[in-house]
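With chain A held as given, fit chain B onto it using these hints.
In order, the protein sequence lines correspond to chains A and B. Under the working numbering, think of the first position of the first sequence as 1, with each following residue one higher. Under the working numbering, think of the first position of the second sequence as 1, with each following residue one higher.
To be clear, the hints were calculated from the coordinates, so they are not data collected in a lab. Mixed in with the good hints there might be a few duds.
Taking CB as the label site, the calculated pair distances span [said to hold, decoys possible]:
no., chain 1, residue 1, chain 2, residue 2, range
1, A, PRO206, B, SER78, 32 to 40 Å
2, B, GLU41, A, GLU139, 22 to 30 Å
3, B, ILE16, A, ASP157, 53 to 61 Å
4, B, ILE13, A, PHE253, 19 to 27 Å
5, B, GLU56, A, SER42, 19 to 27 Å
6, B, ILE16, A, LEU12, 18 to 26 Å
Since we're looking at a predicted model, the values are computed, not measured. From the three backbone atoms N, C-alpha and C, an ideal C-beta is built for every residue, glycine too.
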Amino acid sequence: MTTWIHKQRHILELTLSSLLRRKGKHFALVLVYTLIVFLLASVMFFTHALEREAALALAGAPEIVVQRLVAGRHDLVPVTYAEEIAEIRGVSSVRPALWGYYYDPVFGANYTLIVPAEFRHQPGQIAIGPGVAAATGSEVGYILPFWTSSGKLVSFDIKELLPSESELVSSDLILMSEDDFRMLFAIPDHLATNLTVSVRNPNELPVIAAKITRLLPDTRPIIKDEILRTYDSIFSWRSGIVMVVLMACVLAFIIFAWDKASGLSA
Amino acid sequence: MTKSNLFLSGMAILLIVFCLMFVHAAVVQRKADPVLKKKAEMVEDLEITDLCLFTEARYTRHPVMADVNTPFQDFPFSIEHYPTGSLVAPPEHLRPGR
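The following block holds chain A by itself, in its conformation from the complex (with noise of 0.2 Å):
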């Protein structure tokens, strides 16, 4: 055993006394294969870091959100469509949720309105995200100013900042009183931007789903597995950036190695 590890000892000397002949070239050669495997190793890190973390926070994403499509397209939904799906059996409750896209042109950016289930404050006022608040320069007790579908220009006061910690979830959102929303959009008290469902059995999400596809022909239900699917997909290694660095940083990996061992450079 001595022995064996003596010779292994000797014929490493070797190597590196070998390899220590021309410094430069492989110290260098290090540095790159170093390179590829921390950008590979980083890229890889990220993305399944950013798959964990969203699996967890989705993990309270609505059961089931039904949508109404008009000619292919999203359309406001009829309030009365919940009370047809809350007689659906299995059904524990539905609640039409109100939520929307507003693009401010003196900043440039998409903020998302969302009407909570429960608003803390009062009308007049809104509730923004770390990002909206970056933007926009904003703090709590600043005004953000509006415009209505109607042209109207209107101010809410910032009660509310919302915690930076869960920029990767709310980076981008309003909070604001269904009043508030309405009167922005001008959405009629009848009609929500969708419904969200809950079910008593997590294992009936398919079967409820379909149910409402028959009795409601013009919705489309999106169940909370597709939901988290459609984000693994997103960070899977089949898709996008992480192929491509893959693709890149292998191919670099294969030539430089091919090379070293080939010694056509030498």
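Below, chain B alone, put in the same frame as chain A:
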């Protein structure tokens, strides 16, 4: 000190650092648990369906909820949003055959 001893010492140090990385990851993960829990609570309270990753258009901001035929429809001659278009594939439930 011989070259091989130096090399093996260097490898040993790197191996220790590598092992410490796992310890660091476990510590940071434990510290991040309350933050992740709060994030999940916010998602549940606000009924959020999508992460806030790309805000150029509604189908990049909410890929789960996107219409079937909205890409390139922002305005005439509109080009694809880069690099978002390369990173976000259409969700499975919007692909043909569903």
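Structure-based check of each hint:
A beta carbon spacing of about 36 Å between A/PRO206 and B/SER78 agrees with the range 32 to 40 Å that was offered as a hint. Our hint of 22 to 30 Å for B/GLU41 and A/GLU139 holds, since their Cβ atoms are close to 24 Å apart. For B/ILE16 and A/ASP157, the Cβ-Cβ distance of about 55 Å falls inside the hinted range of 53 to 61 Å, so the restraint holds. With their beta carbons about 24 Å apart, B/ILE13 and A/PHE253 fall inside the hinted range of 19 to 27 Å.
Checked against the hint of 19 to 27 Å, the pair B/GLU56 and A/SER42 passes, with Cβ atoms roughly 25 Å apart. B/ILE16 and A/LEU12 have their C-beta atoms about 20 Å apart, which keeps the hinted 18 to 26 Å range intact.
Hint check: no violations occur; every hint is consistent with the structure.
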